[in-house]
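Given the sequences, and given the hints that come with them, work out the whole structure.
Chain by chain, the residues:
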Amino acid sequence: MSNEQTEFADFFEASWDPCLRAVVAVVGTPQLAEDQVAEAFARAFASWRKVGRHPAPRAWVVRTALNTGASWWHRRNRELPLADHDVTAPGDPGDGVSAGLLAALQRLPARQREVIALRVFLDLDIETIARQLDIAPATVRVHLSRAVAALRQLVPAKTMEVDQ
Amino acid sequence: MNGNDQASDTDVLCAVSDSLSRVPLAGPPQLEAITARGRARQRRRRASGVTAALAAVVAAAAAVTVTAQPGGSRPAGPEAGFATGPVAAAGLAAWTVTRQAGGDIKVTVSELRDPAGLQSTLRADGVPASVTFLGQPNPACSALPFDPGLQAKIFPVRPSGVVRHLPGGVVLSTGGKPGGDMVIDPSAIPGGVGLQLAFLSINSDILGHAALVHASPQCTGN
Chain A
1 MSNEQTEFAD FFEASWDPCL RAVVAVVGTP QLAEDQVAEA FARAFASWRK
51 VGRHPAPRAW VVRTALNTGA SWWHRRNREL PLADHDVTAP GDPGDGVSAG
101 LLAALQRLPA RQREVIALRV FLDLDIETIA RQLDIAPATV RVHLSRAVAA
151 LRQLVPAKTM EVDQ
Chain B
1 MNGNDQASDT DVLCAVSDSL SRVPLAGPPQ LEAITARGRA RQRRRRASGV
51 TAALAAVVAA AAAVTVTAQP GGSRPAGPEA GFATGPVAAA GLAAWTVTRQ
101 AGGDIKVTVS ELRDPAGLQS TLRADGVPAS VTFLGQPNPA CSALPFDPGL
151 QAKIFPVRPS GVVRHLPGGV VLSTGGKPGG DMVIDPSAIP GGVGLQLAFL
201 SINSDILGHA ALVHASPQCT GN
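Protein sequence lines, in the order shown, are assigned to chains A and B.
Per our numbering, residue 1 is the first one in the first sequence, and the count goes up by one each step.
Per our numbering, residue 1 is the first one in the second sequence, and the count goes up by one each step.
Hints in this document: simulated from the structure, not taken from any laboratory.
Any given hint could turn out to be false.
Interface residues of chain A toward chain B, partial, derived using beta-carbon atoms under 7 Å [unchecked claim]:
hint	residue
1	TRP16
2	PRO18
3	LEU101
4	ALA103
A few chain B positions that, by computed beta-carbon distances, are all more than 10 Å from chain A [what the hints assert, rightly or not]:
hint	residue
5	ASP9
6	ARG113
7	PRO139
8	ALA140
9	PHE146
10	ALA152
11	VAL193
All residues carry an ideal CB built from backbone N, CA and C; glycine is no exception.
What follows is the structure, given as structure tokens:
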């Protein structure tokens, strides 16, 4: 195995799970996300000389996966969910708070979900997220702030938990 | 944004992370499946690039308007059976021409340098050829109609690498790869016929496009 292949293999092993969870956070359907992430990793392998030098290769994979999904979605005649009952919550997180959070996450606008996914699962800072999404850092902050505000009501405050 | 009755931003983000981390997901697929998919993608991308680049070469060749000058005899090839191109800084030959036991001539191009030297060597070995690199065919050459039967006789070895049939010729070489050399049978070249060989680099491959042309002093040296 060449150095490049070894390098890619290490990257693949370490990055599959965080990239997949980031994409699940955006698309909501684990099975669809797995397909998209697998395709994105295949593309990363095909262009590893470039991707391997990317400042945030995991973000490259996530963006590619989401773009792959967008292309697939357009081919499917843009069958976007129109009401809450159309929204798919990903899997079974195991308790009511988590299920509610994930359902709420899926109701956020796509851009807010992308910002959350890159911030939470890839641990990217605001500047890097802005570069990856090709938007201004201030816009990232606005998306993040709005997303957090929308989700906050479902998260019990730690201080309240202590008081109770 | 923080307060005693509200979760902090960090709490919210941690809760999201925690929730999604508990969603059962499939483990990673086999690495081999991913790399095989990636390699298939590389091949498709390379093939489309090759087709586009060679289409440009063929188009350039087709634009040649110089009058054909058929006829004439080829000079006899010298006894020399081996020649190499200029030695690069790394010590590798840019190209090699090897006469094989049956009289066939094997051409391997590993670097796009010194086309005039390769052309002279081939002509000295009895191959009336015009050799150019980078898709700039000799404007003095006039293409003959594509004749796949004659091409197959002149180029008796089918390379194992990328092979594309394009108007006017065929791609015959993936320079430097096993089985990818261009093999020419000089005895199969009829009088009045010459070879126009154009080599170009696509990604890491060097490909040769071979077309039959009218032999002439300006095009093929006789």
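Results for each hint:
no.: 1; hint: TRP16; verdict: holds, 4 Å
no.: 2; hint: PRO18; verdict: violated, 10 Å
no.: 3; hint: LEU101; verdict: holds, 5 Å
no.: 4; hint: ALA103; verdict: violated, 10 Å
no.: 5; hint: ASP9; verdict: violated, 5 Å
no.: 6; hint: ARG113; verdict: holds, 24 Å
no.: 7; hint: PRO139; verdict: holds, 37 Å
no.: 8; hint: ALA140; verdict: holds, 40 Å
no.: 9; hint: PHE146; verdict: holds, 33 Å
no.: 10; hint: ALA152; verdict: holds, 34 Å
no.: 11; hint: VAL193; verdict: holds, 41 Å
Going through the hint list in order, the structure does not satisfy hints 2, 4, 5.
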